[in-house]
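Protein sequences appear in the order of chains A and B. Every letter in the first sequence is one number past the one before it in this note's numbering, and letter 201, counting from 1, is 201. Every letter in the second sequence is one number past the one before it in this note's numbering, and letter 20, counting from 1, is 20.
Any given hint could turn out to be false.
[What the hints assert, rightly or not] In silico EDC-like links for lysine to aspartate or glutamate, alpha-carbon gap of 20 Å or less:
1. B:K60 / A:E375
2. A:K411 / B:D3
3. A:K411 / B:D4
4. A:K404 / B:D4
5. A:K243 / A:D271
6. A:K411 / B:D12
7. B:K60 / A:D271
8. B:K89 / B:D32
9. A:K398 / B:D3
10. A:K242 / A:E313
11. A:K393 / A:E313
12. A:K404 / B:E126
13. A:K404 / B:D54
14. A:K25 / B:D3
15. B:K114 / B:D54
16. A:K216 / A:E297
17. A:K25 / B:D4
18. B:K60 / A:E313
19. B:K20 / A:D346
20. B:K46 / B:E126
If you are wondering where the hints come from, they were derived from the structure by calculation, not from laboratory data.
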Amino acid sequence: MQRSIVNSYELRNDFPIFRKKINGKELVYLDNASTTQKPYTVIDSITDFYSNYNSNIHRAVYQLAEEATNMYEQSREKIANFINVRPEEIIFTRNTTESINLIAHSWARTNLKKDDVIVITEIEHHSNIVPWQILCQERGTRLEYVGVDGNGFLDLEYMIELISSRKVKLVSLSHMSNVLGTIVPIERIIKIAHEHDIPVLVDGAQSVPHMPINVKNMDCDFLVFSAHKMLGPTGVGILYAKKEYLDKMTPFMGGGDMIKEVFKFHTNYNDVPYKFEAGTPNIADVVGFGAAIEYLEKIGMENIRKHEIYLTEYALESMSSLDYITLYGPRDTKYRGGVISFNIADIHPHDLATIMNDHGIAIRSGHHCAQVLMERLDVPATSRASFYIYNTKEEIDKFVNAIKEAGRIFKI
Amino acid sequence: MSDDIYREIILDHYRNPRNKGKVENADVTVHDSNPLCGDEIDIHLKVDEGVISDVKFEGKGCAISQASASMLTELVMGKDLKIVKDLKKEDILENIGLTNLGPARIKCALLSLKVLKVGMIKYYSENDPQSADQIRNESSLY
Ligand SMILES: Cc1ncc(COP(=O)(O)O)c(C=O)c1O
Numbered sequence: 001m002q003r004s005i006v007n008s009y010e011l012r013n014d015f016p017i018f019r020k021k022i023n024g025k026e027l028v029y030l031d032n033a034s035t036t037q038k039p040y041t042v043i044d045s046i047t048d049f050y051s052n053y054n055s056n057i058h059r060a061v062y063q064l065a066e067e068a069t070n071m072y073e074q075s076r077e078k079i080a081n082f083i084n085v086r087p088e089e090i091i092f093t094r095n096t097t098e099s100i101n102l103i104a105h106s107w108a109r110t111n112l113k114k115d116d117v118i119v120i121t122e123i124e125h126h127s128n129i130v131p132w133q134i135l136c137q138e139r140g141t142r143l144e145y146v147g148v149d150g151n152g153f154l155d156l157e158y159m160i161e162l163i164s165s166r167k168v169k170l171v172s173l174s175h176m177s178n179v180l181g182t183i184v185p186i187e188r189i190i191k192i193a194h195e196h197d198i199p200v201l202v203d204g205a206q207s208v209p210h211m212p213i214n215v216k217n218m219d220c221d222f223l224v225f226s227a228h229k230m231l232g233p234t235g236v237g238i239l240y241a242k243k244e245y246l247d248k249m250t251p252f253m254g255g256g257d258m259i260k261e262v263f264k265f266h267t268n269y270n271d272v273p274y275k276f277e278a279g280t281p282n283i284a285d286v287v288g289f290g291a292a293i294e295y296l297e298k299i300g301m302e303n304i305r306k307h308e309i310y311l312t313e314y315a316l317e318s319m320s321s322l323d324y325i326t327l328y329g330p331r332d333t334k335y336r337g338g339v340i341s342f343n344i345a346d347i348h349p350h351d352l353a354t355i356m357n358d359h360g361i362a363i364r365s366g367h368h369c370a371q372v373l374m375e376r377l378d379v380p381a382t383s384r385a386s387f388y389i390y391n392t393k394e395e396i397d398k399f400v401n402a403i404k405e406a407g408r409i410f411k412i
Numbered sequence: 001m002s003d004d005i006y007r008e009i010i011l012d013h014y015r016n017p018r019n020k021g022k023v024e025n026a027d028v029t030v031h032d033s034n035p036l037c038g039d040e041i042d043i044h045l046k047v048d049e050g051v052i053s054d055v056k057f058e059g060k061g062c063a064i065s066q067a068s069a070s071m072l073t074e075l076v077m078g079k080d081l082k083i084v085k086d087l088k089k090e091d092i093l094e095n096i097g098l099t100n101l102g103p104a105r106i107k108c109a110l111l112s113l114k115v116l117k118v119g120m121i122k123y124y125s126e127n128d129p130q131s132a133d134q135i136r137n138e139s140s141l142y
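When you get a sec, could you build the whole thing from the sequences and use the hints?
This is the structure:
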């Protein structure tokens, strides 16, 4: 087994929440696919903004407003560098969900016609399903699913067959499953889609926080992700879109900031990206996200990925020694991120989560906002543990011991 | 702590639920689910002269929700339908012997009561519309 370069024991000191006790125990936080904890640098940068720079941006000429505007725009630059795109291709939203809805509203709604097809997959989060269903009801476009096998691997043959049909106008898919951790061969899919001039939207909510992403190499047309899943604050989402798409997209919301000139009965819109950022944005949290990006870059995304592979392999190995555990998802960590869904005999995931909580362990239970996938796997619910930089080998031992404890309580 | 929650009796009702299944010619059938955890309960009721002559449930979900449903059917079987309106959260928690559940898990325990209350109101709306409104108003939700 590979060793980890990330010293998670030391990193934990950067996160105030780990001083908290749950039921008298140290917090073992294993719900990182849902949201992550925040380091001091992020929390402090938000306090610093409100204490020293607070003012509205893009509007006033006094010093404070200029400083605030600079900080906001510097965050945009940091994020653009982080994924290797231009700052004007980064739009701030509230979260991944809003980013996808923005594309559905401002691009798909105006560019797709009746009977045009949007291709998604069975691993999608509800946020990459419902906006398209709404669009289909409104516009008469159609939704097609690419199926997956029991480990979440896409039926690529069917995907290629679909893509080759002339009706497909958008492929929208998750880079990594939030339930099974399965990593999709995204570059290959994008290449094939582009051969047929079909744009690809990548839901990077689970991949961008956990591995190096270089949009120039990946060549996706849209990429969406959430700050809160990568040490940043809640309330900040990212939409990257190629400039050529942004230029052709209609506004999402109308109001201040997104305009150049407003007349009584018409308006000239602002340049991108401001055209898509109506109203006062979440300035302080965008600044906080900038601090999160700096923190992640200091550790290095390659190292983060390695650390998670190390933890995932260790956890899979420890868990598979218990014969009453059913593990879902690929066994090879080459194709898998740090997410483990599982079930234990007839213990319902909710009961397991309650028992885990006795030990200070936070895991997720339920359908994980992916009911289409749950249906495909034919399980009503799973328990899910998901890792990040601050998780340790020792925490995985605690987690596996708590599983054994659940087995004892349920007399398995 | 969990040892106090998952006692023998809860596990027994979870693994060997009482009154599980369908009722032939049920007067009412009601379904509900808890979106947080996906627990699901259906309750089938047969009522004769105001008395619950048969009650069965179907469902899937956590031990607390399923054991609570099983124990609730035992509690109301053969009773006057009207007593359902007076059943409260405390009665259910006492019935299953779990008075220290956290807010998220209380919802699991109370799902079957919620379904039963809706079933009772549905029965009166269909069979005795005049008293249905009054019963609805008098019925404590939990
Ligand atoms: C794959 C995936 N897509 C989208 C989302 C939605 O993210 P948010 O709730 O931040 O909009 C999530 C988060 O759970 C996710 O895992």
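Original post:
Which hints, by number, does the structure contradict?
Top reply: 7, 10, 12, 13, 18
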